[in-house]
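Visitor: Produce the entire structure from the sequences given, and follow the hints as far as they go.
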Amino acid sequence: MKEVLKVENVTKTFRLSAKQQKLKKTDSRILTAVDGLSFSANKGEIFGLLGPNGAGKTTTLRMLATIIKPDSGDAVVDGASIVKQPAEVRGKIGFLTSEVKLEDFFTPDYLFNFFSDLHGVPDDVREKRKSELFERFGIDKFAQVKVANLSTGMKQKVSLVVSLAHDPDIIIFDEPTNGLDVITAKVVTDFLLELRRNGKTVIISTHIFSLIEKVCDRVGIIIDGKMTVCGSLSELTQSKPLEDVFFDIYRERKGDEI
Amino acid sequence: MKLGAFTVFKKEIARFFGDKRLLFTSVIMPGLLIYLIYSVMGNSLNSMMSDQTSSFKAAAVDIPQSVASQLEKQGFEIENIELSEVDRAKEQIEDGDLSLCVVFPDGFENVMSEYAGGSKTDSAPNVKIYFDSADINSSHAYSVTVAMLDELEKSVSNVFDINNASQDDGYDVASEEDAAGAMLSMILPMLITVLLYSSCVALAPESIAGEKERGTLAALLITPVPRSQIILGKVLALSVMALLGGLSSFLGTFMSLPSLMQGMGDELGSISANVYGPVDYVCLIVLILTTVLLLITVISIISTLAKSVKEAGTMVLPLMLVVMLVSFMTMYQTETRTEFYWYLIPIYNTIESMAKIFSFSLDPVCIAVTAAANIVYSALGIFILTKLFNNEKVMFNS
Numbered sequence: 001m002k003e004v005l006k007v008e009n010v011t012k013t014f015r016l017s018a019k020q021q022k023l024k025k026t027d028s029r030i031l032t033a034v035d036g037l038s039f040s041a042n043k044g045e046i047f048g049l050l051g052p053n054g055a056g057k058t059t060t061l062r063m064l065a066t067i068i069k070p071d072s073g074d075a076v077v078d079g080a081s082i083v084k085q086p087a088e089v090r091g092k093i094g095f096l097t098s099e100v101k102l103e104d105f106f107t108p109d110y111l112f113n114f115f116s117d118l119h120g121v122p123d124d125v126r127e128k129r130k131s132e133l134f135e136r137f138g139i140d141k142f143a144q145v146k147v148a149n150l151s152t153g154m155k156q157k158v159s160l161v162v163s164l165a166h167d168p169d170i171i172i173f174d175e176p177t178n179g180l181d182v183i184t185a186k187v188v189t190d191f192l193l194e195l196r197r198n199g200k201t202v203i204i205s206t207h208i209f210s211l212i213e214k215v216c217d218r219v220g221i222i223i224d225g226k227m228t229v230c231g232s233l234s235e236l237t238q239s240k241p242l243e244d245v246f247f248d249i250y251r252e253r254k255g256d257e258i
Numbered sequence: 001m002k003l004g005a006f007t008v009f010k011k012e013i014a015r016f017f018g019d020k021r022l023l024f025t026s027v028i029m030p031g032l033l034i035y036l037i038y039s040v041m042g043n044s045l046n047s048m049m050s051d052q053t054s055s056f057k058a059a060a061v062d063i064p065q066s067v068a069s070q071l072e073k074q075g076f077e078i079e080n081i082e083l084s085e086v087d088r089a090k091e092q093i094e095d096g097d098l099s100l101c102v103v104f105p106d107g108f109e110n111v112m113s114e115y116a117g118g119s120k121t122d123s124a125p126n127v128k129i130y131f132d133s134a135d136i137n138s139s140h141a142y143s144v145t146v147a148m149l150d151e152l153e154k155s156v157s158n159v160f161d162i163n164n165a166s167q168d169d170g171y172d173v174a175s176e177e178d179a180a181g182a183m184l185s186m187i188l189p190m191l192i193t194v195l196l197y198s199s200c201v202a203l204a205p206e207s208i209a210g211e212k213e214r215g216t217l218a219a220l221l222i223t224p225v226p227r228s229q230i231i232l233g234k235v236l237a238l239s240v241m242a243l244l245g246g247l248s249s250f251l252g253t254f255m256s257l258p259s260l261m262q263g264m265g266d267e268l269g270s271i272s273a274n275v276y277g278p279v280d281y282v283c284l285i286v287l288i289l290t291t292v293l294l295l296i297t298v299i300s301i302i303s304t305l306a307k308s309v310k311e312a313g314t315m316v317l318p319l320m321l322v323v324m325l326v327s328f329m330t331m332y333q334t335e336t337r338t339e340f341y342w343y344l345i346p347i348y349n350t351i352e353s354m355a356k357i358f359s360f361s362l363d364p365v366c367i368a369v370t371a372a373a374n375i376v377y378s379a380l381g382i383f384i385l386t387k388l389f390n391n392e393k394v395m396f397n398s
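The listed protein sequences derive, respectively, from chains A and B. Taken in order, the first sequence gives residues 1 to 258; the numbers are from our numbering. Taken in order, the second sequence gives residues 1 to 398; the numbers are from our numbering.
No lab work stands behind these hints: they were computed from the structure. Treat each hint with caution, since some may be false.
[Stated by the list, open to error] Negatives, chain A to chain B, calculated, CB over 12 Å:
hint: 1; residue: M1
hint: 2; residue: R196
hint: 3; residue: L233
hint: 4; residue: E235
hint: 5; residue: T237
hint: 6; residue: K240
hint: 7; residue: P241
hint: 8; residue: V245
hint: 9; residue: R251
hint: 10; residue: E252
[Said to hold, decoys possible] Covered by chain A, per the in silico footprint, the following chain B stretches (three or more residues, Cβ under 8 Å):
hint: 11; region: 14-25
hint: 12; region: 213-224
[Unchecked claim] Using C-beta positions, here's what the derived DEER-type ranges look like:
hint: 13; chain 1: A; residue 1: K24; chain 2: B; residue 2: M186; range: 58 to 64 Å
hint: 14; chain 1: B; residue 1: Y332; chain 2: A; residue 2: F105; range: 42 to 48 Å
hint: 15; chain 1: A; residue 1: V125; chain 2: B; residue 2: T25; range: 35 to 41 Å
hint: 16; chain 1: B; residue 1: L305; chain 2: A; residue 2: N178; range: 28 to 34 Å
hint: 17; chain 1: A; residue 1: K24; chain 2: B; residue 2: I37; range: 51 to 57 Å
hint: 18; chain 1: B; residue 1: K10; chain 2: A; residue 2: R15; range: 34 to 40 Å
Just so it is clear, CB atoms sit at the ideal spot from N, CA and C, and this is done for glycine as well.
Guide: What follows is the structure, encoded as structure tokens:
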């Protein structure tokens with residue numbers, strides 16, 4: 001299978017303010033969020049980054065989306081380096097995270113057109129794609145309603161659809177089902193599987209074991225910014241369920257601190 | 001591929017014109033409010049001036065007939081009282097029942113003539129006027145009385161005149177246009193600059209710091225459009241919006257100016273925009289455009305550094321003080337600067353150049369230096385903004 005994402009020895013540190021030091025109960029001014037992380041993903045697979053809060057999952061995805069730069073190391077996204085060619089990387093990926101929001105004032109229709117234009121999608125392609133995605137997610141009925149007036153679930157669907165306006169081959173979702181009701185969560189989960197069927201590569205971060213078990217082909221478990229285990233889901237869960245595998249590794253790393 | 005800057009520009013404009021409340025508060029309301037406030041101010045001042053001829057009630061001791069008749073012509077109703085009644089009159093003044101009380105020395109006219117003729121050389125006769133400075137009517141009555149007595153004193157001891165009104169030989173060589181220009185060049189550059197600044201500050205923090213705060217700017221930053229284009233689109237759109245706001249304020253000011261000037265008792269009530277030619281207006285537009293561009297860029301830099309709209313509002317305060325200070329400083333400047341390096345100083349250059357236009361001494365070199373300086377500073381600002389937009393610590397607070 002063709003490797004479309006290769007992350008190599010990526011490290012990211014943040015400088016802590018005195019207030020943050022106090023909150024984190026540490027004397028160190030530097031927090032290493034991601035520490036020499038490496039992994040890869042192939043075309044047409046769903047790769048899951050599993051870890052507790054503060055493990056470095058979101059920081060890793062933010063680096064892949066070129067929102068922040070790694071201190072050292074690099075990642076190559078479909079042939080483009082996140083360090084040297086960030087603009088190219090942005091054109092190749094779709095990124096969905098709760099950190100990125102849509103302007104409440106506009107309608108889903110306007111936002112889809114706007115982001116398509118920014119990605120240079122031709123008008124005829126855009127209209128066809130918009131019609132398909134809006135229908136797939138039931139947005140067509142709300143296409144002309146301002147985002148401010150949509151339900152939380154519908155807003156999440158619009159965000160998802162807008163992030164896919166340019167039909168990217170690599171899609172990065174940070175906690176894709178977080179805060180969603182069961183119906184919307186199911187729609188999103190089914191869509192992830194559909195993307196895989198269409199040959200797209202999906203990278204997700206989550207702490208929900210069931211989501212990983214349901215959709216992922218390969219998994220990387222991150223604890224304290226380090227990749228502890230990385231392999232196919234079937235390999236990792238050969239002898240015990242994923243949850244037990246995770247907690248065995250967690251105890252090994254952190255002792256009995258649960 | 002469509003130009004990213006143009007797409008961002010269109011989005012910002014669509015947001016602005018689509019939001020009726022924003023459109024009203026930033027374009028229609030400033031001009032309307034300025035027009036209403038200045039017109040009301042002008043009318044109030046005007047009616048105050050005409051009120052000055054309204055009736056005053058005065059008590060007088062030993063008032064000469066000639067003085068009494070002069071005062072009566074000025075709207076005074078005079079009651080002759082004895083010296084012993086002065087204390088009662090003072091109480092009446094305090095209660096507002098009397099405008100003032102004037103006490104003349106006994107035989108005032110004779111004493112005055114003797115003093116003026118030099119036959120009497122001890123201290124000059126003293127006219128006492130009791131009034132209440134806290135009362136508007138009493139103050140006016142006092143001013144009118146003093147002015148009238150000053151005239152009387154001059155007429156008695158007149159040795160020479162200066163610009164005798166009865167022999168007006170066109171002493172002031174300035175034309176009405178020049179006089180209007182001098183007044184406008186003092187007021188309008190300051191007003192226009194402050195109004196443009198107000199427009200810019202009402203829009204830029206919301207568009208930059210607001211989007212950053214709401215997380216909608218991040219959605220733009222994860223597209224392949226270069227950051228410089230995103231900034232260019234935003235800055236140009238904000239400049240257009242600020243110009244509309246500034247134009248509205250300018251129109252409000254200009255339309256209310258005649259009534260304000262009339263209210264100030266000036267002959268400038270008949271000021272017309274026709275006194276300036278097309279070249280003046282073109283130069284004015286160039287100055288306004290480049291100044292707005294510069295102001296928007298600077299406020300955008302400050303807004304980018306802020307974490308929220310509220311913080312941006314606080315951070316732009318020192319800039320506002322600088323703009324106000326420079327504006328007021330130039331208002332009272334006695335000499336015009338001709339050396340080109342003065343026109344490299346932002347804001348100051350705009351006000352100076354505008355003052356030259358309004359005073360009919362348009363200097364193309366100064367205008368060109370000002371416009372070029374503003375454009376260069378704006379380009380430098382956009383370069384700084386691009387650096388800031390590429391800084392993850394600034395943009396994502398990481």
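Visitor: Work down the list of hints and note, for each, if the structure agrees.
Guide: Hints, one by one, checked against the model:
no.: 1; hint: M1; verdict: 26 Å, holds
no.: 2; hint: R196; verdict: 22 Å, holds
no.: 3; hint: L233; verdict: 29 Å, holds
no.: 4; hint: E235; verdict: 33 Å, holds
no.: 5; hint: T237; verdict: 33 Å, holds
no.: 6; hint: K240; verdict: 37 Å, holds
no.: 7; hint: P241; verdict: 35 Å, holds
no.: 8; hint: V245; verdict: 31 Å, holds
no.: 9; hint: R251; verdict: 31 Å, holds
no.: 10; hint: E252; verdict: 30 Å, holds
no.: 11; hint: 14-25; verdict: holds (count 4)
no.: 12; hint: 213-224; verdict: holds (count 10)
no.: 13; hint: K24(A) with M186(B): 58 to 64 Å; verdict: 60 Å, holds
no.: 14; hint: Y332(B) with F105(A): 42 to 48 Å; verdict: 45 Å, holds
no.: 15; hint: V125(A) with T25(B): 35 to 41 Å; verdict: 39 Å, holds
no.: 16; hint: L305(B) with N178(A): 28 to 34 Å; verdict: 31 Å, holds
no.: 17; hint: K24(A) with I37(B): 51 to 57 Å; verdict: 54 Å, holds
no.: 18; hint: K10(B) with R15(A): 34 to 40 Å; verdict: 39 Å, holds
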